[in-house]
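Chemist: In case you want the letters, here they are:
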Amino acid sequence: MKSNKRGKDFCIFALPGMFCFFAVVIVPFIYGVYLTLTDWNGVAKVKNFIGLKNFGGVMKDTQFWTSLLLTFKYVIAVVILVNLIAFIIAYLLTRGIKGQNFFRAGFFTPNLIGGIVLGYIWQFVFSRVFVSVGESTGWNLFGVSWLSDPTKAFIALVAVSVWQLSGYMILIYVAGFMGLSEDVMEAASIDGATGWRKMKSIVMPLMMSSVTICLFLTLSRAFMVYDVNLSLTAGAPYGTTEMAAMHVYEKAFTSRQFGLGQAEALLLFIIVACISGIQVYLTKRKEVEA
Amino acid sequence: MNKTTIGGTKRKAANLLAMAGLVIVFAAYMFPFLMVVINALKQKRDIIKSPFSWLFTIKGLSFDNFVKAFTQMDFLNAFKNSLIVTVSATLLVTLLAAMLAYYIVRHNNGISKITFSLMVASMIIPFQAIMIPLVSIYGGTLNILNHRATLIFMHVGFSMTMSVFMFHGFIKGSVPVALEEAAYIDGCSRTQTFFKIVFPILKPIISTMVILNSLAFWNDFLLPSLVLTDKKLLTLPLSTYSFYGTYSADYGTIMAGLLLCVIPILILYIVLQKQIISGVVAGAVK
Chain A
1 MKSNKRGKDF CIFALPGMFC FFAVVIVPFI YGVYLTLTDW NGVAKVKNFI GLKNFGGVMK
61 DTQFWTSLLL TFKYVIAVVI LVNLIAFIIA YLLTRGIKGQ NFFRAGFFTP NLIGGIVLGY
121 IWQFVFSRVF VSVGESTGWN LFGVSWLSDP TKAFIALVAV SVWQLSGYMI LIYVAGFMGL
181 SEDVMEAASI DGATGWRKMK SIVMPLMMSS VTICLFLTLS RAFMVYDVNL SLTAGAPYGT
241 TEMAAMHVYE KAFTSRQFGL GQAEALLLFI IVACISGIQV YLTKRKEVEA
Chain B
1 MNKTTIGGTK RKAANLLAMA GLVIVFAAYM FPFLMVVINA LKQKRDIIKS PFSWLFTIKG
61 LSFDNFVKAF TQMDFLNAFK NSLIVTVSAT LLVTLLAAML AYYIVRHNNG ISKITFSLMV
121 ASMIIPFQAI MIPLVSIYGG TLNILNHRAT LIFMHVGFSM TMSVFMFHGF IKGSVPVALE
181 EAAYIDGCSR TQTFFKIVFP ILKPIISTMV ILNSLAFWND FLLPSLVLTD KKLLTLPLST
241 YSFYGTYSAD YGTIMAGLLL CVIPILILYI VLQKQIISGV VAGAVK
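The listed protein sequences correspond, in order, to chains A and B.
In terms of the numbering used here, the first sequence is residues 1 to 290.
In terms of the numbering used here, the second sequence is residues 1 to 286.
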């Protein structure tokens, strides 16, 4: 009788949620590992088992490595800039100035809007507004659209991502600064710590838990950038701004090499997991209690 | 206590400087939105000539852009699709995740432990690592792509991990077992106890999860783009994408279309600003 009731509880409470989770995350993940061992093109009825050949294919896919290298550059630039800018803005916002909430809410706005729409808005800004500035001032920097030059298009992509992500990190850093204990700050001031010294020895160590979260979030988001990449540059000019996530998509759904694409996706996942793991381990060690 | 006594003027000057810096950065952040707003009513030749000019200096302003964008994007239909998907997926995941988390917290058995650790571990799997097999399974073998219900189901599945994790922490910390035991003694069944006693206590975490999940569902592009191809079913980000592909040179119409996408979210944001911000902070910090 009792075990019967337990079974009923399980079916009502746990089963529906577990079913969704297993059907959408776990089963495809395992099936994905199997796919990397086949030569499936997404349509054919037969999947030939080809062992680890796809991983050899990944090694030979120079475009993948180019896009991965570009993604690394992008991630480094975005992670540093987002956190630096967000940290400074959050610091300025929590000095007790007027309109703090208004600013904070305003900076967060881009996060409410999908990456596709944001990318298109910026595409207009880069290809029309800035060009028009260039035309009327004779400023060479804006003479031609940034999006038509590989280096400048890359910078544009970084700039838009920094603009998009920093509002989110500002929220977290502001929460961190507000959580700093008044007593500790006052004690530091009484002990004669001011300016940079106070920032380095008192504020920074206490802010490390916010730093851990923000670094983790920016790292994982930047590595997987897709929406903004697609709508701002779509890889143009000539695929020079194609990030890893976009390359994986193209491999699978445009070139119809599902096995190879999935092998690259898995590799990307392992890289991201390792880097985020190391980051969390390193920054967590630096966290202190007030 | 009085901060203005020592170095008061210095602090004031520093604050003024901080304010000035913030205003400049803020203006730069808002600049792209301003560009969309002031160009949405202009005609193409005026936009090319002077994207900066304010509305009142230009003749020939009209709402034609909006009318065109509205009909070409099939805005109402896409809006409706987005709304159906977002609302149903949010309601479903909130309910199912709360129940699953409750089960896991109150039944410390093998299934609970395995499920929970699998969920925590799978939180680091990015969507891109699953999308290819996902399309293979649901598009190939099962052949159920191109249905709203499929998209809703997948949204629920992907957001389950994070939601269960959040509910788990909350139930463990703030739902007293004694309360439930009292309910049992009074003759409530498990299900009754959950819905009448536990669910109401979960209100704060529910509002956080509703905000986080519905924002993510509303704005998601990659998953819906893989699931839905039928024009009638497209959500707002998808129809923006296909609309842009057709009209990319027609700047005025594009700006009007983008503005149409942004306005509903902005209105919601103005109304629910406080809840949204505290929800996002709570979701990130945990």
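Hints are not guaranteed to be accurate.
[Said to hold, decoys possible] What the simulated footprint calls covered on chain A by chain B, stretch by stretch (three residues with Cβ under 8 Å from a Cβ of chain B suffice, anywhere in the stretch; the number is not a length):
1. 69-79
2. 192-204
[Unchecked claim] Just some of the chain A residues that point at chain B, by a computed CB distance under 7 Å:
3. 29
4. 122
5. 132
6. 245
7. 267
8. 269
Calculated from the structure, these hints are not laboratory results.
Quick caveat, the model's predicted, so the values are computed rather than measured.
Built from N, CA and C at the ideal position, the CB exists for glycine as well.
Chemist: Each of the hints needs a verdict: does it hold here or not?
Modeler: Comparing the hints with the structure gives:
1. With 0 residues carrying a beta carbon less than 8 Å from a beta carbon of chain B, the segment 69-79 of chain A misses the three-residue requirement, and the given coverage is violated.
2. Evaluation of the coverage hint for the segment 192-204 of chain A: breached, as 0 residues show C-beta separations to chain B shorter than 8 Å, against a requirement of three.
3. The beta carbon of residue 29 of chain A comes within 6 Å of a beta carbon in chain B, closer than 7 Å, and the hint placing it at the interface holds.
4. Residue-level restraint check for residue 122 of chain A holds (minimum Cβ-Cβ distance to chain B is 6 Å; threshold 7 Å).
5. Against a cut-off of 7 Å between C-beta atoms, the interface hint on residue 132 of chain A holds, since the closest Cβ of chain B lies about 5 Å away.
6. The interface hint given for residue 245 of chain A is met, as the beta carbon of that residue sits about 5 Å from the closest beta carbon of chain B, less than 7 Å.
7. For residue 267 of chain A, the shortest C-beta to C-beta distance to chain B is roughly 9 Å, which exceeds 7 Å, and the interface hint is violated.
8. Hint on residue 269 of chain A holds. Least Cβ distance to chain B is approximately 4 Å, under the 7 Å limit.
Violated hints, in rising order: 1, 2 and 7; the structure is consistent with all others.
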